[in-house]
Amino acid sequence: MTDQEKISLIEDTLEIEAGTLTPETELANIEEYDSMAKLSLIVLCDEEFGKKLTGEQIRAFKTVSDIITFLA
Amino acid sequence: MNFENKVIVICGASKGIGFNLAQTIDALGGTMVLHASSDEGIQKLKGTFEPNKHVFFQANFAEPTQLEQAWQEQIGSAQKVDGFVNCVGLRSRRPINLLKSELVLEVLSANFVSHLEMIRILTKKNFYNTGLSIVGISSIAAHSGGAGVTAYAASKAAMEAATRCLAKELHKKEIRLNTIVCGQIHTEAYDAFMETKTDSDQVLERQFMGLGKPQEVTDIILFLLGNQSRFITGASIPADGGYLV
Ligand SMILES: NC(=O)c1ccc[n+]([C@@H]2O[C@H](COP(=O)([O-])OP(=O)(O)OC[C@H]3O[C@@H](n4cnc5c(N)ncnc54)[C@H](OP(=O)(O)O)[C@@H]3O)[C@@H](O)[C@H]2O)c1
Chain R
1 MTDQEKISLI
11 EDTLEIEAGT
21 LTPETELANI
31 EEYDSMAKLS
41 LIVLCDEEFG
51 KKLTGEQIRA
61 FKTVSDIITF
71 LA
Chain D
1001 MNFENKVIVI
1011 CGASKGIGFN
1021 LAQTIDALGG
1031 TMVLHASSDE
1041 GIQKLKGTFE
1051 PNKHVFFQAN
1061 FAEPTQLEQA
1071 WQEQIGSAQK
1081 VDGFVNCVGL
1091 RSRRPINLLK
1101 SELVLEVLSA
1111 NFVSHLEMIR
1121 ILTKKNFYNT
1131 GLSIVGISSI
1141 AAHSGGAGVT
1151 AYAASKAAME
1161 AATRCLAKEL
1171 HKKEIRLNTI
1181 VCGQIHTEAY
1191 DAFMETKTDS
1201 DQVLERQFMG
1211 LGKPQEVTDI
1221 ILFLLGNQSR
1231 FITGASIPAD
1241 GGYLV
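Line by line, the protein sequences give chains R and D.
Quick note: the numbering used here has the first sequence finishing at residue 72, numbered continuously throughout.
Quick note: the numbering used here has the second sequence finishing at residue 1245, numbered continuously throughout.
Since the hints were derived computationally from the structure, they do not count as laboratory data.
Mixed in with the good hints, there may be bad ones.
As the list claims (entries may be wrong) - Partner residues aside, some chain R positions facing chain D, computed with beta carbon under 10 Å:
id : residue
1  : Glu15
2  : Ile16
3  : Thr20
4  : Thr22
5  : Pro23
6  : Leu39
7  : Leu44
8  : Lys52
9  : Leu53
10 : Gly55
11 : Glu56
12 : Ile68
Ideal Cβ placement from N, Cα and C applies to all residues, glycine included.
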């Protein structure tokens, strides 16, 4: 999966307009990135990538690129 | 409290509250039907509790329609039951956009439909002794909304509502049913659950008596199983360290 595809998936999961996010986007600046969005991210990692994402790891994410790296 | 000559069915006995309850009733001399869904769960139970005294029951509560046959094959009506405690709980936390109906059905089946199904099986004539006491483990989630816990909360609320109806219906058979409304209790499942929490926990702030211990819930279950609680039925008894106060 390319980084762009991952960004699309993240946009989809967080219900953000397609084409809004870049790897540099800071998560703190995304209005939709609330606790339910983080929960959706956990489900995405688990179901699409078979990866367990913990609350601690989520708190360490600063930019979209950090999520992409985790999904690698 | 004496459990000699008493037969207690404990579902979800391989971990957490159920396991602590099984250890306690074993020490008090009771005979048990011990349930778990996984092979590891059953192995752990067989390794801990004397197989000559207790019997073991393996079944997946996510498939309620299979329960009666599984019970007949594995247990039958050899022993009349004095108590049934259901500690099975399938946890689920996800936002509504990802809450597919298959998942909702799975959670409702495991936590609610199978609970009813077990009651249906055990309250048949000749399956239980007079004074049968049934205890379901519910949750504060059934009373206080939490974002994302929709399916789980609904399944526990359904268990409590059904308990009130059945208490009236089964009173004639001298059967009592109650639920325990658990707050946060320190079990493996609780630790796993906290790992997925993204915000620092305000949970324990509300639960001002702190994190509960399985033994604290066990003590309330023993009371509800025994004759000392004979005037209580259809109730939702809190074990929540003050959470819902
Ligand atoms: N711990 C808490 O903070 C808390 C708070 C509120 C309510 N509760 C409720 O208290 C009860 C016990 O929770 P716990 O934390 O002590 O234990 P737990 O770790 O949730 O243990 C669950 C038990 O249920 C069995 N189980 C799991 N999935 C099953 C399935 N699909 N079919 C049949 N059995 C299944 C497990 O057996 P296997 O090992 O074989 O899978 C295990 O014995 C649950 O009903 C839970 O909802 C707990």
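Exercise. Kindly indicate which numbered hints from before are broken by the structure, ordering the numbers from low to high.
Key: 2, 3, 4, 5 and 12
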